[in-house]
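Colleague: Here are the chains, one letter per residue:
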Amino acid sequence: MRAFLQSLRDFLRRIRHNRLGVGGVVILLTITLVSMLPNFVPSLFRKPWAVSRNSLFPPSAQYPMGTDDLGRDVFSRFIYGAQVTLFIGLAGAFLSTLLGIFAGAYAGYYGGIMDAVLMRLADMLWIMPTFFVGLVVVAMFGPSLNNVILIISLLFWPSTARLVRAEMLSLRERKFVDAVRLLGMSKMRIVFRELLPNVMPVAIANGTLQIAAAILLESGLSFLGLGDPSRPTWGYQLSEARPFLQEAWWMALFPGLGIFLTTFSIHVIGDAVNDILNPRLRSSRK
Amino acid sequence: MILVAPGDPVLYLVGSYGASEEYLNMMRQSLGLNRPWYEQLLGYMSRVIQGDLGYSLYFRQPVFSIIVQRLPVTMLLVTVAFVFSSIIGIILGVEAARRPFGLLDKMFTSFSVIGHSIPVFWTGMLLILVFAVMLRWFPPGGVVDIGRDLNGFEYVVSIFRHLPLPTIALASYLTPLIARITRTSMLETLRQDFITTARMKGLSERDVVYKHGLRNALLPVLTALSLQLGQLIAGATLTETVFSWPGLGRLTFDSITRRDWPLILGIFVFVSIGVMAISLITDLLYAYVDPRIEISRKS
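In order, the protein sequences belong to chains R and Y. Numbered according to the numbering used here, the first sequence terminates at residue 286, and the numbering increases by one at each position without gaps. Numbered according to the numbering used here, the second sequence terminates at residue 585, and the numbering increases by one at each position without gaps.
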């Protein structure tokens with residue numbers, strides 16, 4: 001744990017010198033904080049599902065982002081969409097990273113048949129057209145929030161598992177592992193207390209990028225009509241905007257901008273994390 | 287799995303006119319929807335192995351023939367976008383790799399991060415907004431003008447007017463991908479000894495980079511691209527949906543709204559097999575093009 005905290009502190013010190021990375025963090029924090037606002041000051045916002053007679057109003061002082069075909073306020077839908085979209089991205093990436101860490105650690109440390117089985121499974125998922133698998137599964141089991149998160153984590157774990165496994169393979173041969181083994185530590189303890197903290201930076205860097213991938217996958221599915229209508233994400237709002245593209249540009253512009261800014265800042269942060277974690281890249285940049 | 291699925295295809299087919307329960311049951315029976323799910327699944331799998339993808343519930347036609355009908359339109363879009371973004375992507379990638387971390391490389395890196403972050407379908411929507419709705423340069427969707435009798439030449443012209451927007455949308459997603467892979471591969475190649483040799487022979491820098499470097503760098507690009515094929519198809523599906531491009535992707539979208547399971551599954555099986563076949567072919571081609579790699583034979 002101490003090794004992990006140390007590397008975290010090291011990391012925070014370095015990211016301050018990466019201007020793009022800081023910009024990404026600022027954008028992402030702003031979006032997150034703004035999306036939380038309705039929970040604290042609900043009186044400022046209209047209900048995202050409140051229908052009114054003012055359909056397809058362009059942006060104005062009354063409706064900062066205009067209204068949609070049912071007269072709902074695009075701005076409050078945008079804010080609500082931010083909550084759901086971010087939640088799906090975070091939850092999906094978190095679950096897949098967790099799955100990936102366990103699968104990768106198990107396969108890498110114990111090896112044997114389970115290693116072979118897990119890695120072949122990962123290979124199979126790797127070559128399958130991810131989006132289509134998600135599409136078919138969600139179409140069949142219903143586009144509920146949980147199903148989408150579940151399918152994202154089931155599709156995304158192989159990349160984390162691969163990275164963690166490779167790290168484990170090299171780590172388990174190190175001297176310090178021999179040392180703790182001689183001290184009589186149990187296998188479980190070695191994996192969780194000694195090895196996993198060393199793997200965490202790689203897994204976290206990969207997990208960060210998976211948030212963006214998860215958001216993009218969800219948006220695509222929602223756009224094809226496979227979103228949860230009771231929880232409109234940005235992608236779902238874009239699918240609602242498509243038939244009204246000629247009349248109401250504001251319905252299409254803002255949710256898309258939300259997706260773009262979010263994934264963009266996550267990518268920038270992910271690149272910054274990678275730069276910091278990958279010493280070879282760092283030296284060549286100077 | 288079909289039992290768990292929400293929405294009843296029979297109800298969709300009958301429409302909102304309403305029908306007697308008797309008639310609904312008769313239809314279910316004729317479509318085989320009343321048998322238990324494991325029988326349906328097993329039956330489906332054995333038929334797929336025999337090359338039979340079943341009948342579409344909506345079109346009342348064999349799934350395979352519907353897919354084959356729609357395939358050329360998709361191929362047209364994907365091929366044009368692929369060629370377009372390959373040319374631009376490879377040139378960008380090579381130029382970026384010549385001066386790593388130079389001005390062009392930095393510009394290109396941010397360009398590729400942006401390209402990676404925009405959902406394809408949103409790019410498409412923005413393109414429609416600007417070029418079809420505001421400027422009226424291009425039609426907002428479809429392949430040809432409908433509602434007019436077109437002779438051969440007009441038909442082709444019409445297709446060419448419909449092609450640019452979807453192509454740009456798809457290419458905006460594909461180009462950064464190709465450029466990034468090319469850049470990485472070129473950086474690796476340009477570091478090798480034979481490049482130094484080529485320079486010492488006094489070849490022009492252009493020949494060194496494009497004739498000696500690129501030729502060797504392209505192979506890994508091919509492999510990496512074949513692994514991204516699934517992504518490309520996902521992008522094509524979304525692009526087709528935005529532009530009402532009547533190919534396989536649009537068909538998928540329509541089939542989802544129609545709850546046409548045999549057709550959705552059929553497209554899925556078809557696409558999966560296609561993707562795997564192409565990546566296998568790429569691997570085999572790789573061995574053929576590069577004599578250093580041999581497919582291992584068991585003795």
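There could be a bad hint or two in this list.
Unchecked claim - Label-pair distances were calculated between CB atoms; the ranges are:
1. R:Asp10 with Y:Ser396: 44 to 54 Å
2. Y:Val442 with R:Pro42: 54 to 64 Å
3. Y:Trp423 with R:Pro58: 18 to 28 Å
4. Y:Val366 with R:Asp178: 50 to 60 Å
5. Y:Met393 with R:Asp10: 38 to 48 Å
6. Y:Leu489 with R:Glu247: 38 to 48 Å
7. Y:Glu440 with R:Val22: 27 to 37 Å
8. Y:Trp423 with R:Leu8: 47 to 57 Å
9. R:Ile113 with Y:Glu474: 50 to 60 Å
What the hints assert, rightly or not - Chain R is faced by these chain Y residues, among others (derived, beta-carbon under 7 Å):
10. Val399
11. Gly401
12. Ile414
Stated by the list, open to error - Covered stretches of chain R, going by a simulated chain Y footprint (3 or more residues, C-beta under 8 Å):
13. 22-36
14. 168-176
15. 194-203
Because the hints were derived from the structure by calculation, they are not lab data. Just so it is clear, the structure is predicted and the values come from calculations on it, not from any experiment. Glycine included, every Cβ here is placed at the ideal spot set by N, Cα and C.
Colleague: All the hints need checking, so say for each whether the structure fits it.
Modeller: Verification of the supplied hints:
Our hint of 44 to 54 Å for aspartate 10 of chain R and serine 396 of chain Y is violated, since their Cβ atoms are close to 27 Å apart. For the hinted restraint 54 to 64 Å between valine 442 of chain Y and proline 42 of chain R, the CB-CB distance of approximately 58 Å keeps it satisfied. For tryptophan 423 of chain Y paired with proline 58 of chain R, a C-beta distance near 23 Å keeps the hint of 18 to 28 Å intact. Distance hint for valine 366 of chain Y and aspartate 178 of chain R: a CB-CB separation of about 59 Å, consistent with the stated range 50 to 60 Å.
Between methionine 393 of chain Y and aspartate 10 of chain R the Cβ separation comes to about 31 Å, which falls outside the hinted range of 38 to 48 Å. Taking 38 to 48 Å as the suggested C-beta distance range, the pair leucine 489 of chain Y and glutamate 247 of chain R does not conform, at roughly 59 Å. In this structure the hint that glutamate 440 of chain Y and valine 22 of chain R lie 27 to 37 Å apart at CB is violated, the actual value being about 56 Å. For tryptophan 423 of chain Y paired with leucine 8 of chain R, a C-beta distance near 52 Å keeps the hint of 47 to 57 Å intact.
Evaluation of the 50 to 60 Å hint for isoleucine 113 of chain R and glutamate 474 of chain Y yields a failure: the beta carbon distance comes to about 35 Å. The interface hint given for valine 399 of chain Y holds, since its Cβ lies 5 Å from the closest Cβ of chain R, which is under the 7 Å cut-off. Contact between glycine 401 of chain Y and chain R, as hinted, is not supported at the beta carbon level, the nearest pair being about 10 Å apart and thus beyond 7 Å. Annotation: interface hint on isoleucine 414 of chain Y holds; nearest CB of chain R at approximately 6 Å, less than 7 Å.
Evaluation of the coverage hint for the segment 22-36 of chain R: breached, as 0 residues show C-beta separations to chain Y shorter than 8 Å, against a requirement of three. Taking a C-beta to C-beta cut-off of 8 Å, the segment 168-176 of chain R contributes 0 residues in contact with chain Y, too few for the three needed, and the coverage statement is violated. Check result for the segment 194-203 of chain R against chain Y: violated, 0 residues qualifying (beta carbon to beta carbon below 8 Å, three or more required).
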